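J.: Spelled out, the chains give:
Protein chains: 2
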Amino acid sequence: MWQQYLDDNHDRFFEEYLDLVRIPSISSLPEHMADVEKAAEWTATRLTAAGIENVEIMPTGGHPVVYGDWLHAGDDKPTLLIYAHFDVQPADPYELWDTPPFEPTIRDGRVYARGASDDKGGLVTPIFAVEALLQTTKKLPINIKFCLEGQEEIGSPQLPPFMAEHKEKFACDLVASADGLQWSETEPMLVVALKGLCAVEISVRGPKGDLHSGLHGGVIQNPLEALANIIASFRTTDGKIAVEGFFDEVVELTAEDREKIAAVPFDGPAYKDQLGVTDFYGEPDYTTRERNWARPTLEINGMWGGFQGDGTKTVLPSEAHAKVTCRLVANQDPHQIEQLLIDHIKKHAPVGVTVDVRAGRGVAYPFLMDSDHPANQIAAEVLTELYGQSPYFVRVGGSVPVIPMFQKELGADTINFGWTVGDENLHAPNEFFRLANFKRGMRGYCMLFERLATADLGNK
Amino acid sequence: MWQQYLDDNHDRFFEEYLDLVRIPSISSLPEHMADVEKAAEWTATRLTAAGIENVEIMPTGGHPVVYGDWLHAGDDKPTLLIYAHFDVQPADPYELWDTPPFEPTIRDGRVYARGASDDKGGLVTPIFAVEALLQTTKKLPINIKFCLEGQEEIGSPQLPPFMAEHKEKFACDLVASADGLQWSETEPMLVVALKGLCAVEISVRGPKGDLHSGLHGGVIQNPLEALANIIASFRTTDGKIAVEGFFDEVVELTAEDREKIAAVPFDGPAYKDQLGVTDFYGEPDYTTRERNWARPTLEINGMWGGFQGDGTKTVLPSEAHAKVTCRLVANQDPHQIEQLLIDHIKKHAPVGVTVDVRAGRGVAYPFLMDSDHPANQIAAEVLTELYGQSPYFVRVGGSVPVIPMFQKELGADTINFGWTVGDENLHAPNEFFRLANFKRGMRGYCMLFERLATADLGNK
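Chains A and B supply the protein sequences, listed in that same order.
So in my numbering, spot 90 of the first sequence is number 141, and the numbers just go up one at a time.
So in my numbering, spot 209 of the second sequence is number 260, and the numbers just go up one at a time.
In short, the hints are calculated from the structure, not lab data.
All values reported here derive from a predicted model rather than from experimental measurement.
Any given hint could turn out to be false.
Intra- or inter-copy, both count: the list cannot distinguish identical chains.
With a straight-line Cα cutoff of 25 angstroms, these simulated SDA-like cross-link-like pairs (lysine to any residue) come out [to be verified]:
#1 Lys189 with Met498
#2 Lys364 with Asp394
#3 Lys397 with Gly449
#4 Lys259 with Gly509
#5 Lys490 with Tyr337
#6 Lys218 with Asp507
#7 Lys398 with Asp289
#8 Lys364 with Asp143
#9 Lys291 with Gly439
#10 Lys89 with Gln209
#11 Lys364 with Leu477
#12 Lys397 with Gln55
#13 Lys398 with Gly290
#14 Lys190 with Pro320
#15 Lys259 with Pro316
#16 Lys397 with Ala283
#17 Lys311 with Thr287
#18 Lys89 with Glu236
#19 Lys259 with Asp318
#20 Lys220 with Phe65
#21 Lys398 with Gly296
#22 Lys397 with Ala124
#23 Lys398 with Arg286
#24 Lys220 with Glu92
#25 Lys364 with Ile205
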């Protein structure tokens with residue numbers, strides 16, 4: 052029934068989606084504040100029109116969050132929170148766009164516009180799915196809440212305190228993120244892990260000022276050399292991170308985990324070409340992809356001190372600095388790892404210099420969800436039906452702070468249920484979204500809602 | 052006899068010296084080219100007036116050299132080449148001078164002016180000494196040549212090719228540098244060693260561009276970490292330089308050398324305070340002063356790569372760079388040490404990155420002269436008489452390229468025979484020269500000429 056409704060109303064839904072895409076809701080630019088607000092209003096209005104109740108535009112201190120719910124499925128049914136965002140990246144450089152970024156243009160079965168894929172295509176599909184179900188069955192198979200936000204492209208700075216304040220309102224059994232990628236146009240994926248993040252900055256101070264290397268050579272500890280030794284101490288000669296306690300909380304990969312990772316296509320030579328390196332490098336006993344997806348990393352992001360100009364300056368520098376970040380995996384706690392780094396650096400501080408370590412601002416927690424989680428199994432069934440192929444279980448080396456935030460604040464895992472493909476020029480000129488995925492997305496959400504109705508997500 | 056002449060003509064000599072000091076012969080500033088020329092002409096005229104023959108202003112391609120000789124002492128007498136320079140440092144910032152830098156002012160037994168001490172006070176003393184001897188004895192006890200130059204303060208760039216071209220003209224048995232320091236107002240010194248210099252620049256290249264540390268973390272060798280490991284490899288954990296072959300040509304200190312060094316006053320706590328460090332650091336088994344004066348050093352002058360701004364940027368940098376110089380001692384060859392550094396760096400280049408090493412422009416050779424050399428013994432006698440205390444035998448951590456150049460091009464050692472004291476604001480506002488040293492210098496050169504007449508400097 053809902054399938055017929057989706058078909059019958061496809062052109063209207065599509066036009067509505069294009070209306071949203073036309074709003075230049077760039078969250079990072081002050082001159083587009085009103086446009087972000089306008090996109091929030093469009094979203095609230097559209098939720099209400101779909102039959103969602105209690106819709107409100109909630110202030111966060113920054114760009115707003117749009118809430119709405121439909122909670123009449125009964126207490127024995129799970130509550131799903133749907134996450135997406137209505138803000139977009141800036142569109143410059145405008146001259147590199149083939150058609151204007153906020154005038155969506157259809158070519159070759161694709162909609163070209165800023166935000167067409169990230170994330171307005173994702174945002175509308177569950178709303179239209181809700182309308183189709185409510186119009187055809189007068190009810191939804193599960194309880195549904197929406198958390199649609201307007202500051203994702205600037206890092207969602209107000210979202211964690213906002214969510215902590217509104218835990219009750221957003222309480223749910225599961226989150227579905229409509230801000231997610233699929234592996235390719237024809238291959239689906241589910242994301243079961245994201246990395247966390249922490250940062251420290253090291254400052255090594257030696258003599259009061261830069262010294263003449265002749266007059267004072269051989270006399271003091273060189274801060275640059277001291278820093279190089281500290282950095283060299285972070286890893287054993289075979290490439291393993293040597294910070295004491297670093298791996299203590301790491302959830303080790305099982306044989307099954309490693310099989311799932313190995314099942315995902317990986318073209319080593321092509322990847323090397325892409326990066327421009329001759330060899331991969333990293334922790335021993337793990338594959339390149341395992342290191343990238345499922346092992347914590349420690350990276351020097353920047354390092355500097357002394358003379359950087361042309362030619363020679365025979366100076367013993369007064370100071371040396373480095374910036375270090377770690378990407379973390381479950382169950383590493385970013386604050387604890389920060390402390391381990393600080394302890395390690397202090398322990399390896401050479402004689403004759405002062406070493407200060409400062410924790411960076413902002414951390415992210417890692418995320419890990421069992422691929423056998425009932426919600427993943429159901430999502431996998433739906434994706435298999437939609438794509439004709441079962442999804443890859445993927446781990447992501449990067450950090451998506453909202454997902455561990457939902458885990459922390461709401462106690463809910465998040466399934467990846469978005470329709471973007473990585474080649475769609477996200478954050479770049481000529482962003483596009485595939486029309487096939489617009490249809491697939493609406494159908495997918497209807498199927499997901501129906502199948503989750505019988506799932507035990509811990510709500511019983 | 053000459054002593055009486057010096058006393059009788061003191062005021063005239065002093066006025067002549069002030070005339071030279073009034074010429075703003077700043078070699079680094081194009082607008083003072085004519086002044087450097089004027090100082091050369093003053094010098095040539097004054098040499099001739101003193102009775103020096105064959106005086107000429109010789110072109111070098113840059114600022115000129117003034118040559119002159121008196122070679123009638125006989126073949127059995129040594130030939131001494133006297134070195135000094137008539138150019139000066141810039142005088143800015145002018146507002147920090149108590150009196151104008153090129154209007155010499157006498158206060159408290161000192162002449163305040165740019166160049167008063169470095170090196171016009173040094174330059175005139177042997178000229179006036181020659182005049183005193185020729186006027187009173189009608190001859191000089193030894194053969195004398197002058198090499199007075201105008202580009203010392205810009206590093207004497209044209210001097211090495213100039214000297215190589217005019218080896219015959221400047222051929223001598225010994226050089227006396229009137230561009231030299233004494234330990235203090237009351238304590239003389241002789242310099243028996245200077246350090247050489249060589250430089251390399253390291254560039255480590257990894258991926259084509261900076262990478263996202265989440266998307267590509269754990270995959271590649273980080274160029275900054277690779278560089279830190281290379282730098283850490285330069286030294287053993289106990290502080291000794293670990294570059295293979297680095298010490299092979301080093302002339303080890305004898306027990307007597309170490310005694311001479313230990314005899315020179317050294318106030319460790321005051322020196323630490325001056326530098327602002329809590330501890331000295333360096334090669335084990337040598338004292339701080341031995342390391343500074345008599346042991347080769349390897350120093351990182353600068354190091355950089357990746358993100359240096361405020362906050363956090365989770366980037367894997369594409370490149371990392373470092374600048375390295377070594378101060379060398381006899382008999383290390385700077386070109387050979389450069390090659391050892393290059394070999395070491397290549398050998399320690401980690402997998403997954405490309406490491407380029409480039410030798411820096413310009414090297415300096417080390418200088419070492421036996422403190423028992425007959426010229427040093429004679430100079431020591433003269434200094435002991437002048438100061439009432441025997442000189443310290445000092446080694447210098449810095450490089451003075453002209454001195455090893457004389458050794459290389461003319462096969463002649465150089466004795467330190469200048470009158471500057473380190474506290475005289477060289478290269479700084481309110482430079483001054485002590486009147487007592489003006490007198491002492493003229494007397495000292497007369498005594499040196501007389502005593503060298505009986506020395507065997509290899510000329511026999």
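J.: Which constraints among the numbered hints does this structure fail? Numbers only, ascending.
T.: 3, 4, 5, 9, 12, 14, 17, 18, 20 and 22
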